[in-house]
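One-letter residues, chain by chain:
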Amino acid sequence: MESFVRHVGKAVALPRENVDTDQIIPKQFLKGVERTGLGPALFFDWRYRADGSPNPDFELNQPTAAGASILVAGANFGCGSSREHAAWALADAGFKVVIAPSFADIFFANCCQNGLLPVALPAAAVAEITRRCAAGRGAYRLTVDLEGESVEDDQGFKAAFHLEPYRRFMLLRGLDEIGRTLLDEERIAAFERRRAIAAAISA
Amino acid sequence: MTARTLFEKVWDTHVVHRLPEGPALLYVDLHLVHEVTSPQAFAGLRRTGRTVRRPDLTLATVDHNVPTDDRSLPVKDPISAKQLEALSTNARAFGVELFDLGSPNQGIVHVIGPELGATQPGFVIVCGDSHTSTHGAFGALAFGIGTSEVEHVLATQCLVMTKPRTLEAHFTGALAPGVTAKDVVLGFIGQIGTAGATGHVIEYTGEPIRRLSMEERMTVCNMSIEAGARAGMIAPDDTTFAYLQGRERAPKGAAWTRATGEWRALRTDPGAAYDSRVTIDAGRLAPQVTWGTSPGMVTDITGRVPDPASLPTESERQAAARALEYMGLSAGTALEGLAVDRVFLGSCTNARIEDLRAAARVVRGRRVASTVRAMVVPGSERVRRQAEREGLDHVFREAGFEWRHAGCSMCLGMNPDTLQSGERCASTSNRNFEGRQGRGGRTHLMSPAMAAAAAVAGKLVDVRGWSQADLPAPPSLEMAS
Ligand code: SF4
Chain A
0 MESFVRHVGK AVALPRENVD TDQIIPKQFL KGVERTGLGP ALFFDWRYRA
50 DGSPNPDFEL NQPTAAGASI LVAGANFGCG SSREHAAWAL ADAGFKVVIA
100 PSFADIFFAN CCQNGLLPVA LPAAAVAEIT RRCAAGRGAY RLTVDLEGES
150 VEDDQGFKAA FHLEPYRRFM LLRGLDEIGR TLLDEERIAA FERRRAIAAA
200 ISA
Chain B
0 MTARTLFEKV WDTHVVHRLP EGPALLYVDL HLVHEVTSPQ AFAGLRRTGR
50 TVRRPDLTLA TVDHNVPTDD RSLPVKDPIS AKQLEALSTN ARAFGVELFD
100 LGSPNQGIVH VIGPELGATQ PGFVIVCGDS HTSTHGAFGA LAFGIGTSEV
150 EHVLATQCLV MTKPRTLEAH FTGALAPGVT AKDVVLGFIG QIGTAGATGH
200 VIEYTGEPIR RLSMEERMTV CNMSIEAGAR AGMIAPDDTT FAYLQGRERA
250 PKGAAWTRAT GEWRALRTDP GAAYDSRVTI DAGRLAPQVT WGTSPGMVTD
300 ITGRVPDPAS LPTESERQAA ARALEYMGLS AGTALEGLAV DRVFLGSCTN
350 ARIEDLRAAA RVVRGRRVAS TVRAMVVPGS ERVRRQAERE GLDHVFREAG
400 FEWRHAGCSM CLGMNPDTLQ SGERCASTSN RNFEGRQGRG GRTHLMSPAM
450 AAAAAVAGKL VDVRGWSQAD LPAPPSLEMA S
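Each protein sequence line maps, in turn, to chains A and B.
Here numbering that gives the first Met the number 0 is used: the first residue of the first sequence is 0, the next is one more, and so on.
Here numbering that gives the first Met the number 0 is used: the first residue of the second sequence is 0, the next is one more, and so on.
With a cut-off of at most 30 Å between alpha-carbon atoms, the simulated DSS-like pairs for lysine-lysine come out as follows:
| # | chain 1 | residue 1 | chain 2 | residue 2 |
| --- | --- | --- | --- | --- |
| 1 | A | Lys30 | B | Lys81 |
| 2 | B | Lys8 | B | Lys251 |
| 3 | A | Lys9 | A | Lys95 |
| 4 | A | Lys95 | B | Lys162 |
| 5 | B | Lys75 | A | Lys30 |
Residues from chain A shown here face chain B by an in silico Cβ test under 8 Å; the list is partial:
| # | residue |
| --- | --- |
| 6 | Arg34 |
| 7 | Ala74 |
| 8 | Glu176 |
The hints are simulated quantities; they were obtained by calculation from the structure and are not laboratory data.
All C-beta atoms, glycine included, are put in the ideal place defined by N, C-alpha and C.
Okay, chain B solo, but in the shape it has when bound (with noise of 0.2 Å):
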């Protein structure tokens, strides 16, 4: 048998069907569905007559529009209030399991798929979301769809889909003391150009790779989007399975050990062919912030605000000049030092609990700058539990953070949680386009030691620089519940 890759693998156990015009009709193993990009797709079942096909392989959520302060009170927008409403009408009509508000697994979709086990190697898995690509850091192919393939998969399982072209993301070396994986995808987006994988699957590749947890590794995948990629994956390996093991949706006894041997096969042939192929240095890389509207106008902290005169194609020295003008920031400023107003720890990129733990390090002891607003919200109830448990809460607390219930939240502002006009912030997110955390707002994405270290200095710095305080290491494999 030729060599394949593991997309290919993947790929290959889906196809349902070759239509003659050329693409496959790809099955879905495991649909997300959110409240913002479902609601349309549910409207046209109702109106063509058609049904869930696998409700057993759908699973809903809320996150995007929910409000995460206090979860007594009734939801304060009437708008955003009717469109959770029609998620869990919907749910309950066609037969969807769904965590509600409320519910002890509601969370972002994608912090919740791999927490509770549903997410697994090998799988396609779909979601009317752009960072579904999150998911592939188990092997799986993971990708963002519109509402109105969610429609198509909700009715047939199925998607029609053209193969991708694949790109082998290769790192080499090892990552310095205090890069962390947010650094290593925002290096790499900041090397390719956010269309650099357009049209492909990025499977990242190397011993920097091999060495990340989970979560880190979810980091990385999360943002292949950004990098213009349909989906990120990670071929599983025994870090992949100790952390699956033992969660409630991940297969038991003899069908674990069958599983395990088959995740086992889940890897690149030695000798298969990507489309194209890229080679990254972790070992050169630093701690990275973006300084403008795109998520690959990014450099080390100890870099400047690039000149736009100094950029190559006239389509770029436009898009610095206007993204500096948003930004409010002028060619050659220093990025550390940089004054903050707002600090967001949360998203899917970075509010799993190990983002919690190493920004809770940082922040343990110290207090957040008295000119700066900061919130975490964990990306799930879980994650939140599971830092309550550990005492993070108070950590955070104690140092003037917001503690917040799960959702987006201020990652696209869709809740009341937003940036005013001209503020600036250190986000641990995954998007700074123009008006994203609230219009007029400013974005500056970074890991969460970075965002953490950001709130106490009221100011952009090299987290290297700081000493890491006392927490002590919390036991591995943990497993939130």
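For reference, chain A alone in the conformation it holds in the complex (with noise of 0.2 Å):
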């Protein structure tokens, strides 16, 4: 896995409650069986008009989103289906960070997953960073650091965020989960085990 421990780069802010999976990334684009070249894709159908011209509207195609690499989002970030190609597509369009009050369950797991940091911070501080955005103009710049779990501007922002002590764990060091889990196959040979033994026993 790809790991992650600090990150400095341009904001850019989609300021939408439950953007779901299917708008991250549209199921047209699920038939492949790559994990990769899925940026395109991203946000399709906002980011382009039904004759396949760019939406001149959407957040991300305004010119002062080029080149952003951390997102900054509405609650519920994520909901809906688990493909994990939401957060391959995300990746892939150069992102390694998203900000939002809250996040799906499944969507955030997949992010770890990918050495994708889903950062959760109060909507007051996701609201003040959205202005710090706007006003910036292209300009506005974040850190966020795993290590100390906080975001950070040059300006004086400054939000702690809390991940769970397993995934930063993995995420620091960038571990690969199922080698890590194969560690412990004689456990799970032994629970096998038990269990065989327990409904030969019961029956």
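Make one complex out of these two single chains by using the hints.
Put into structure tokens, the structure is as follows:
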């Protein structure tokens, strides 16, 4: 897995609530068999109009959004379908961090699996970042530090966040979760033996 | 011993090991696999030289991407065909049982697990699909996972998971006639919101839940994810056992007796505490219809589209205004009477045999409105055969419905079944997101009876006003085979 320790980058705001994974990556892009190359599909139906031309009203199409690596969104981000393609598309489009007041559970886990850091901050802090983002006109940058669990800009804004210790540990080191679980093979095998014996006794 | 909830009992018996950083290594009894979220997981196994640890606990089918029209023709879309082919290659290579296109057992993954009896009380069940919560209707702990986790379960038969919190959704009263399980769950989501249960496993309790059939319980648990929950559960009881007994993968003989003995203990102990609790008066529910682009944007069929300005927070006002624009609706419009162009009877929420019977009762002897294109997509090939044995296919066909093969179809429109931009659809599925059923398509979620009535009327109507036609009640506990 890709590690995440600290990231400094440009922020872009998408101040909408309940952004579902169908919006993050629409179904027509789920037919592939690869994890890569999904960046162009990100927010496809919002980014492009039905005739294929870019939608000039969409937040991420603004010239000021170019090169952003931190997405700042509304509550319940990533709800809906479990498609990990949503996390893959964000990562492939260059995003390293998503900041929102809350996330849907499966999406949150999928981000962590891909070195894309989901940062949950209080709604007021997200609103403040969104405001500063707009005022910065494409020049607003944030430093997101997983070691110190903080988000800050260079104008005095600072907020703390908390990530489950396990996820933090895995992300900081970029560990392969499967490899790590396989080290517990003996425990898994013992668990299976215990269950088989219990079933045999009560039969 | 301390009093425990149903969830805690199932959780505790599946913890292989507590990791030093907190989460548990949780053992998985049944891993369901489909074509869309698995190719990258199998590719990962190949890349690392790993194998599937327990192919015997893994079951695959094709559903999301499959055409539902003529099954004798090859799959037209070459990219879909490639993905379907990938699953069949992977299943063969890794020794996983697959119900492929053409198999009599093929169907939506959450429909076939229960109908085979593979879904059982007390199991931990996972699948790379958020509606895995469906299986919780049997008192299983069942939840959706991402593709990296699919790979993890394939390789280790375990999942690393932090223990979720619990929420009791306690229902009181009794459902009024014409009000269904779909209305129960939509009304519940409307009450607690689409993130109301995030981080939680819901247990549905109370008399109105106990009275539901297994298929109705599946409808309720299915949409737990739309309330933000990881899973939904209902304690197993005689209804559960009657459904499972005799199904081909359910225990038999002495094993059955032993299993039901264990399953009876799968209930929340008196005095056990949930992390939170909500109470819902089921007696006050009317048939529900969504008006917006999130399942929480829902109201009674007798209701009106809300005025965004009347909503409490700025973000809700913005979201509602956006939804109304997308849905082509204005504030204050009555839902009853809204003209529809399409009707979709299908999905893992509402495409089991009872759903089809309920819709057929409304449709029998009537005709689909000339302005409406309507289709029935059974949840599985078994459901399709059972419906055909009961003559339901004739009822639907004579009324003007298209009668299809099993798959997810227009629930997500990955196959050729999609809405055109601007089309309004009465749908029995679970998500009314923008573009879910086709770019620019406008989805209204509702129960099968309501969708059937909309097909006939050509507009949204309150099915409670309709005479319940003459379909003979099917023998109870009839089994699809
Ligand atoms: S029917 Fe719809 S919700 Fe159910 S598994 Fe298929 S796509 Fe997902």
